[in-house]
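S.K.: Fit chain A to the known structure of chain P by using the hints.
One-letter residues, chain by chain:
There are 2 protein chains.
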Amino acid sequence: MATRLPVVLCLVLIGLSSSCWLIACASEPTANEEPLASWNDQPSRRSIVEFVERVTLEGGPDYVPVSDRIAVFDNDGTLWTEQPMYVQAFFAFDRVKELEPQHPEWRTTEPFASVLRGDLKSALSGGERSLVALVMATHAGMTTEEFEQTVIRWIAEARHPQTGKLFTEMVYQPMLEMMSYLRSKGFKTFIVSGGGIEFMRPWAERVYGVPPEQVIGSSVKTRFELLDGRPSLLRLPELNFLDDKSGKPIAIQLHIGRRPIIAFGNSDGDLEMLQWTTASDRPHLGVLVRHTDGNREYRYDRDSHVGRLDRALDLSGELGWVVIDMEQDWNRVYPER
Amino acid sequence: MATRLPVVLCLVLIGLSSSCWLIACASEPTANEEPLASWNDQPSRRSIVEFVERVTLEGGPDYVPVSDRIAVFDNDGTLWTEQPMYVQAFFAFDRVKELEPQHPEWRTTEPFASVLRGDLKSALSGGERSLVALVMATHAGMTTEEFEQTVIRWIAEARHPQTGKLFTEMVYQPMLEMMSYLRSKGFKTFIVSGGGIEFMRPWAERVYGVPPEQVIGSSVKTRFELLDGRPSLLRLPELNFLDDKSGKPIAIQLHIGRRPIIAFGNSDGDLEMLQWTTASDRPHLGVLVRHTDGNREYRYDRDSHVGRLDRALDLSGELGWVVIDMEQDWNRVYPER
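Line by line, the protein sequences are chains P and A. For the first sequence, the positions run 165 to 501 when this note's numbering is used. For the second sequence, the positions run 165 to 501 when this note's numbering is used.
I should point out that these hints are in silico values taken from the structure, not numbers from a laboratory. Since the structure is predicted, the reported quantities are computational estimates derived from the model, not experimental observations. Don't take each hint at face value.
Keeping only pairs whose Cα atoms sit at most 25 Å apart, straight-line, the calculated BS3-like set for lysine-lysine is [unchecked claim]:
hint : chain 1 : residue 1 : chain 2 : residue 2
1    : P       : K285      : P       : K329
2    : P       : K261      : P       : K329
3    : A       : K261      : A       : K329
4    : P       : K385      : P       : K261
5    : A       : K409      : A       : K285
6    : A       : K385      : P       : K385
7    : A       : K385      : P       : K409
8    : A       : K385      : A       : K261
9    : A       : K409      : P       : K385
10   : A       : K409      : A       : K385
11   : A       : K349      : P       : K349
Derived DEER-like restraints, expressed as beta-carbon distance ranges [unchecked claim]:
hint : chain 1 : residue 1 : chain 2 : residue 2 : range
12   : P       : L398      : A       : G223      : 32 to 38 Å
13   : P       : D474      : A       : D283      : 55 to 61 Å
14   : A       : V230      : P       : R317      : 25 to 31 Å
15   : A       : E310      : P       : H267      : 31 to 37 Å
16   : A       : K285      : P       : E402      : 37 to 43 Å
17   : A       : G328      : P       : S444      : 34 to 40 Å
18   : A       : P207      : P       : E389      : 29 to 35 Å
19   : A       : V230      : P       : M306      : 26 to 32 Å
20   : A       : P207      : P       : T307      : 33 to 39 Å
21   : P       : M306      : A       : P229      : 52 to 58 Å
22   : P       : W367      : A       : D478      : 39 to 45 Å
23   : P       : V230      : A       : G328      : 32 to 38 Å
24   : A       : P229      : P       : E389      : 27 to 33 Å
Over 10 Å on every C-beta distance to chain A, these chain P residues come out as not near it, computed from the model [to be verified]:
hint : residue
25   : R210
26   : E369
27   : G484
We put the beta carbon where it would ideally sit given N, CA and C, even for glycine.
So here's chain P without its partners, still in its complex pose (with noise of 0.2 Å):
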């Protein structure tokens, strides 16, 4: 029910000469009347509040304390569009163009010399090995500063080649209110994703209201060194760590320290990362965006070449994971412009 009065609230914290307190407030980045507008009355909507309303219950039987509240998020099919490829080969194809001059070896090697006559497919036709090629060759041999400063500018204006749209615009609105809901319920909501650590930290926090600490993805190493007498680090073109499938769970461990209690992915990369939350002997939530509506997104799964679902999905029953779809569970999908 959405109020449309004022709401004030009055928060009297007496601190009786020795304790201390913390009071953070954070406006949340979608706004809206209701928590969660956008999602239609339906079971996988039902589901997820029912399970947060369980253990956020005080006093009752499946209480969970807010230090132990974590969601965490793949990025790709499951908060923004991922189709017809995912934004961050988008963002490699652009800097491999703009590298070029410096590179004429790219005309005639592969997959490069794809991209640069504009042949995506036949660039990508090598699968993983060929996007971590061409992330290398973009991603690496800067500062960590001037890569954010290059995501940063791209970002701003890149436009996905069908909709037109900027691809943050592109975020799915049902999981903006999502992560919303979740923070006002106490839960931290991290992103675990396949894409680079760096190429979503600099827009995360304005965009999803998820802070740089609380993005955990793919990585390139760094070496630290003085530049000019200054302390930089500098990014090498050297795969750190890949955060897909059984890195997920490790990824997740590392970075946050303790298992999540929910985890919404789209994927067969996000698996292991539902098996690992939701084997847990306590309250857990595995929930699965399924992309079903091919007017208003895309509608793929098993056969996708992209956000390929089909071995979490037959588990999905077994396990008891929401199947979120699209079609059918969400009234909108995309922020109004």
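M.R.: Relative to the frame of chain P, chain A by itself:
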């Protein structure tokens, strides 16, 4: 100045129909009438407080928004006593004795044989290599959950060989107050230690008020696998990351993703972390804890085999780092029991 009157804070938030707010109230682990009661009114305390007031003064020229108030702390020798040896080395030694029945070969293999003979000096004569060998042999071959339980059991009872105190009673009271003080000023406090990330996490929240996701340290590799059908993370006897020296800024970037504005350290292992923190164009503060108190704690710097402070001390003047003199600046070292 301590205020002994009850403090009443009334916070009024007006959400005009659409904004969301999040309020987090955390009680701080150390109760004290004055925020920095164990700090004498000396230049080092004054410099730190002056800095904090400057960066939190809204509208001031050096104001830093809450989201960028990141403070990092080394652990061994900065937050707790590291003499006569790192606490984690005592843990590894106890593990060697515990696991010896399963490893008869250790009776004739160094550094294990020395540990079993109780000759800890010889055991560590191989330097970092010996320590890594001991850690790999005693911290791996189990799941992350089993290791956590092992640490919890050990830290609850293990005592310092010279004071007979629990190791967790040998944390520095002034530093507990400093972390609380910074948190009360909107800072997020992180531990960035050469010690094992999973060795610190099980007790860091209780002892320091730092949650697992804000603890950064050295790590072993882990492997995700189904053990008896149950998703598990198995700890492998292989170093994943050594969070020392230039590893510290690298780990800060990987885990936090933005540059701290305050760094506390005590040894040359913290040099690069302090350089990285204090090289930015923003307000920044580097602090070294100098072990000058041979009566209440230990007196050591340039010649110590543990926590050697040499180059960082040389650079502290030129780089404007605050050097804390434990004997002069702290009126109490450990918490009252």
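S.K.: All the hints need checking, so say for each whether the structure fits it.
M.R.: Going down the list of hints, with the structure as the test:
no.	hint	in the structure
1	K285/P / K329/P	holds (22 Å)
2	K261/P / K329/P	holds (21 Å)
3	K261/A / K329/A	holds (21 Å)
4	K385/P / K261/P	holds (24 Å)
5	K409/A / K285/A	holds (24 Å)
6	K385/A / K385/P	holds (16 Å)
7	K385/A / K409/P	holds (16 Å)
8	K385/A / K261/A	holds (24 Å)
9	K409/A / K385/P	holds (16 Å)
10	K409/A / K385/A	holds (20 Å)
11	K349/A / K349/P	holds (24 Å)
12	L398/P / G223/A: 32 to 38 Å	holds (37 Å)
13	D474/P / D283/A: 55 to 61 Å	holds (58 Å)
14	V230/A / R317/P: 25 to 31 Å	holds (26 Å)
15	E310/A / H267/P: 31 to 37 Å	violated (49 Å)
16	K285/A / E402/P: 37 to 43 Å	holds (39 Å)
17	G328/A / S444/P: 34 to 40 Å	holds (38 Å)
18	P207/A / E389/P: 29 to 35 Å	holds (33 Å)
19	V230/A / M306/P: 26 to 32 Å	holds (29 Å)
20	P207/A / T307/P: 33 to 39 Å	holds (35 Å)
21	M306/P / P229/A: 52 to 58 Å	violated (26 Å)
22	W367/P / D478/A: 39 to 45 Å	holds (41 Å)
23	V230/P / G328/A: 32 to 38 Å	holds (36 Å)
24	P229/A / E389/P: 27 to 33 Å	holds (29 Å)
25	R210	holds (21 Å)
26	E369	violated (7 Å)
27	G484	holds (14 Å)
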